[in-house]
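Visitor: Spelled out, the chains give:
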Amino acid sequence: MPEKTKKTLLHSWHTACGANMADFGGYHMPLWYPAGVKKEHLSVLTNAGIFDTSHMAAIRIEGPGAFDLLQLCFTKNLAACVGKKQSPLKPGKCAYGVFLKDNGEVIDDAIVYQLSGKLYMVVVNAGMGGRVTEHLKVRSGPRRVELTDLTDRLGKMDIQGPAAAKILGKVLANPEKTLQGMSYFSFKGEVGKTTVFGSQVRLVDGIPLLLSRTGYTGEFGFEIFMAPEHIVKAWELIIQSGRDFGLIPCGLAARDSLRTGAVLPLSHQDIGSWPFVNHPWPFALPLNPEGTGFTKKFIGDEALLNIKEPTYTYPFVGYDLRKVSVCAPAVVLDPEGMKIGDVLTCVTDMGIGRHNDRIFSIASPDKPENFHPGGLSCGFVKVKSKLFPGQIVYLRDTIRKIKAIIVEDIRPDRTARRSINEMMA
Amino acid sequence: MKGIDQLIIPDVRYAPDHEWARLEGDRVRVGISDYAQDQLGDIVYVELPRVGDTFERGEVFGTVESVKAVSELYIPVGGEILAVNPALEGSPELVNTDPYHEGWMIDVKPGDLKELDALMSQNAYVRMLKGLD
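For the protein sequence lines, the chains are A and B, in the order given.
Taking the numbering used here, the leading residue of the first sequence gets 1, the next gets one more, and so forth.
Taking the numbering used here, the leading residue of the second sequence gets 1001, the next gets one more, and so forth.
Next comes chain A alone, as it looks inside the complex (with noise of 0.2 Å):
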């Protein structure tokens, strides 16, 4: 961790407009604002909401040996993983995955970007820039590559819910051209040696941008990067043309809880100091077909084929908003009460309810008449032996033991795939 609390460029913005803040990464950021974590939690699920996440790290791969350097390093097969063809990562698409040890265990989640044949970008955690850089550059061996640690050289925020298109309808330079034919998972922009440059995609007002149909919420939406001398300009553009579609910001604390209802990791919270294996996220892993091998050698794979004590991490959701700290820390029990694992996550989505066992959220079309759900209590636990969507655990901190069930996913009715013509009609 670094020594001093950074700030963003928004933090005077965050700090006037009275958000409640907290360090997180390093960094000095906002967990909520005035309006209060569940509206801007829901208003993600129904509307849309802006994140600063100028705390996140970029890392700069140029060079002839730098798809060689990423197949090496990145646990996703760049030859095979765009769309349902698998067909090879091209400029234009980005790809979800992990850097791991030779151990199998986590160095960090992120998601890498082809911006050109020998060009790319990877995105990580706040705080991860020089420890990925770091990891690369040791990995790199004879390869040519040049790499560029991007930390706090790039302005970013992300745009997420269903309103997301519409909202940059309003602000980017050629909106229609822009967004056109974007699918989940590709970017427009550019990036250079030092931040975004030049870019065909604009704001109104000229601001270059790096676009992507990327987000942290599970719900459809964009992560914007910039020059960092454009991020308040651009923030303050996007959120007076979003007011009109209920666009509000929003903060970690709504970040964590859309994250965890999408199934989606905290990096070194959910994934971690253990073997990347027997997890939710198996997309992240170049599996053959069988599931039984990889697809690709990479650093970490020898350990996650013979892993001598496994451990198995799933989803689960409770039955009221009621929670368990992990701080306390929070063990998971089976039905008799023997200790199987601990709780990674718990948080509440305050966007889900149950109705006839059956779990809604507010945007599901189908929910009931009258759906005003009181939230539900999920996230993670990590346990010794395998468990069985449907099966029931108990979670016990030093307040409260809480009954929840197993799951395959949390939040249902999730927008982040649905197609960019829906979303900008």
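No lab work stands behind these hints: they were computed from the structure.
Where is the CB? At the ideal position from N, CA and C, for every residue including glycine.
Hints are supplied without guarantee of correctness; some may be wrong.
[Claimed, not checked] Cβ-Cβ distance ranges computed for the label pairs, FRET-style:
(1) A:Leu333 with B:Glu1080: 31 to 41 Å
(2) B:Asp1005 with A:Thr5: 22 to 32 Å
(3) A:Phe283 with B:Asp1098: 24 to 34 Å
(4) A:Thr295 with B:Pro1016: 37 to 47 Å
(5) B:Glu1102 with A:Pro368: 50 to 60 Å
Using the hints, position chain B against chain A.
Guide: Just chain B now, kept in the frame of chain A:
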């Protein structure tokens, strides 16, 4: 985030764990301070004791759950629970919107009113929050 001075009112006494207590006739009404609710964020659930339960000063009488965390509530004045706020079951957000009045939590029949005197005044609590003491 509101300034500390805006969050603290004069007519109640404060405990170090951010509960407040106010003498109302022969009973003591208890809730959490505006500072505490501001730190917790959206309060989504409040777990309160049953009428008739008794607690010694400092014992846990319930929990308050925000989207961020679950916190235990410590009784600032020991005694018997005379009433719990029925509105909090359906509207826990009252603790956020009106922590000193509509968002009250319990009424206690105090065992020893000296415990109330031992709590902090507005000034002392503000000094504690600002880290001055």
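Visitor: Next step is simple, just say for each hint if it's right about the structure.
Guide: Each hint, compared with the structure:
1. A:Leu333 with B:Glu1080: 31 to 41 Å: 34 Å, holds
2. B:Asp1005 with A:Thr5: 22 to 32 Å: 25 Å, holds
3. A:Phe283 with B:Asp1098: 24 to 34 Å: Check failed, 47 Å falls outside 24 to 34 Å.
4. A:Thr295 with B:Pro1016: 37 to 47 Å: With a Cβ separation near 59 Å, A:Thr295 and B:Pro1016 fall outside 37 to 47 Å, so the hint is violated.
5. B:Glu1102 with A:Pro368: 50 to 60 Å: 30 Å, violated
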